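Enquirer: Each chain is listed here by its residues.
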Amino acid sequence: MEHTLNKVFQGFYKDSVALMRLSRDLAAMDGVNEAALMMGSPSNKQILKDAGLLADDGATAEGGDLILAVRAKDSDAAKKAAEVIETQIMSQTRAATGDTVWQPQTIRAAAKANPDANLALISVPGEFAAAEARKAISRGLNVMMFSDNVSIEDEISLKVQAREQGVLMMGPDCGTAILDGVPLAFANKVTTGDIGIVGASGTGIQEVTTLISNNGGGISQAIGVGGRDLKDEIGGISTLMAIDRLDADPATKHIVLISKPPGKNVLPRILERVGQSAKPFTICFIGASDLELPSNATAARTLKDAAQAALGGDAFAEPAVSGVSVPKGRTGIRGLYSGGTLAAETQLILLDAGLKVASNAAVPGAGSLSDAGDMHKIIDLGDDEYTQGRPHPMIDPEIRRDPLAAALADSTVDVVLIDIVIGYGAHPDPAGQLAEMLSTMQRADNPTIIASVTGTEQDPQIRSSQIQSLQAAGILVAGSNADAAMAALKLLGINS
Amino acid sequence: MATDQDNLPFLGGKLSVINVGLDKFATELADHDVPVVHLDWKPPAGGDPELAALLSKMGT
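In order, the protein sequences belong to chains A and B. So the mapping is simple: this note's numbering equals the position in the first sequence, first residue as 1, plus 232. So the mapping is simple: this note's numbering equals the position in the second sequence, first residue as 1, plus 21.
Just so you know, these hints were derived from the structure itself, not from any lab. Remember, it's a predicted structure, so these values are computed and weren't measured experimentally. Backbone N, C-alpha and C fix where the C-beta goes; we use that ideal spot for every residue, glycine too. Mixed in with the good hints there might be a few duds.
Said to hold, decoys possible - With a straight-line Cα cutoff of 27 Å, these simulated BS3-like cross-link-like pairs (lysine-lysine) come out:
1) K45/B to K421/A
2) K344/A to K45/B
3) K511/A to K35/B
4) K511/A to K63/B
5) K511/A to K496/A
6) K281/A to K305/A
7) K35/B to K246/A
8) K35/B to K281/A
9) K35/B to K421/A
10) K485/A to K35/B
11) K63/B to K344/A
12) K35/B to K722/A
To be verified - Covered, in the sense of this in silico footprint (three residues per stretch, anywhere, with C-beta under 8 Å from a C-beta of chain B), are these stretches of chain A:
13) 304 to 316
14) 340 to 351
15) 356 to 364
16) 406 to 414
Start from the sequences, fold in the hints, and give me the full structure.
Expert: Have a look at this one:
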């Protein structure tokens, strides 16, 4: 008879990437039907409960406890699998603690031991992230907060505190930064140069920095501020501080701003600050229209436009996509994105071509996915609904498997658009994993798949190697995300 | 042309990081020769987020 077993490790922390690997190993064992390892926060316990994986033991776990949950064909199989994974957890822990290097347990201890430290990079679960950031700021550290699920109230108080201390608060939900040429969290190894970036979007920064780097330019600094910074509640505190820093930075000659459209109260403040600078700005507020910009600023509609404008306005060479026929009766575009801003850029390009678009992360003019009908569907797989209790699709592209199989089987879908985002922090071989996924799926009379690779030759995955893997799997590769969307339009016979 | 002044570190000193969370970020920074200290972090206050927030506001 099927049996669900929970084992609780009290006061035992492991990060989400380590837990993902252990969960996979556990789920692959003989007789195991479903399995997960999660910290015992209320939200994680709810996920386990919804999956039928929460037993009485697990229900009593607390936020600092690790829950091993397994459902197997019988109690013997469940016990055996749990014992194997427990041994793995304990051996990993011994290996980690067997290291003779002392590891501080608090920010205070780390800051005391390293008085030169000037940045805290925080990626602990969201419910604890604000507390850690508060400690870091009070010790005069700049903060890059990768963690998400932080309340807007905490974000406001942290940013106000950071402003008073004169330090930068990047995030929460700040996926990307490049400081003094060093990629932080999800970022790419780009050429150093004179273009500074301030962005409320991780993948937006990645796309623009890599396009600039791959087309002859270079980046001075790229500062992520978190997706909500330009909302009226936050008031653009970090964006304004980042502009001040780049304006004063002699190595930065041109500044690019990337964000969703700012709140109506914060927009004039940002534009006023831009107008006070002697440096030229490129402003890419994805989805905004009719911006009245100061004379030193130009507007860019897409990320690609922003990269081109920062490099002087000349168009990049667009790779041609040809020789592909459109299956009869299919006219739909399905986007399966790991990057939220790349999904937004594609929506804009399709909307500008007069198409009807629906998305779970809709830009102005697009509809909601729940009411999509026969609209083109652009899905942001990094959205909370897909990532609850599991790593972001850039770390774990497995999230794409089911939506991809569904798109390939959908008789209305003609083109599937996919973003491959490489660089530090990302999966070691996302193109290879996509090729493996496709090899397991029915592809008769299947849609055309068009991808782009956000990254550089200097990234660990090497952009050209990723492109080769995609092409070998029968995927068309465009020069940028915008080019991929334009190629989809061409395949459907739409001249934009 | 770049001058010495152009090459000033952005945060006022050479980038030096305290990493709190995913250990792969610390490994990648070390690969770039960035001084990094990786915390042996565990959820504070016995895993109670509200108590952890309160303690951080008290400066502990």
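Enquirer: The structure should be examined with respect to each hint, and the outcome stated for every one.
Expert: Each hint tested on the structure:
1. K45/B to K421/A: Roughly 16 Å separates the two Cα atoms, so the pair holds.
2. K344/A to K45/B: Holds - the C-alpha atoms of K45/B and K344/A are around 23 Å apart, at most 27 Å.
3. K511/A to K35/B: holds, 25 Å
4. K511/A to K63/B: violated, 45 Å
5. K511/A to K496/A: Holds: K511/A and K496/A sit about 24 Å apart, inside 27 Å.
6. K281/A to K305/A: holds, 18 Å
7. K35/B to K246/A: violated, 30 Å
8. K35/B to K281/A: violated, 47 Å
9. K35/B to K421/A: holds, 18 Å
10. K485/A to K35/B: It holds: about 21 Å lies between the C-alpha atoms, which stays within 27 Å.
11. K63/B to K344/A: holds, 19 Å
12. K35/B to K722/A: violated, 48 Å
13. 304 to 316: Not satisfied, violated; 0 residues make the cut.
14. 340 to 351: With 8 residues in contact (Cβ-Cβ under 8 Å with chain B), the coverage given for the region 340 to 351 of chain A holds.
15. 356 to 364: holds (count 7)
16. 406 to 414: It holds: at least three residues are needed, and the region 406 to 414 of chain A offers 3 whose Cβ sits within less than 8 Å of chain B.
Taken one by one, the earlier hints fail for this structure at numbers 4, 7, 8, 12, 13, listed in ascending order.
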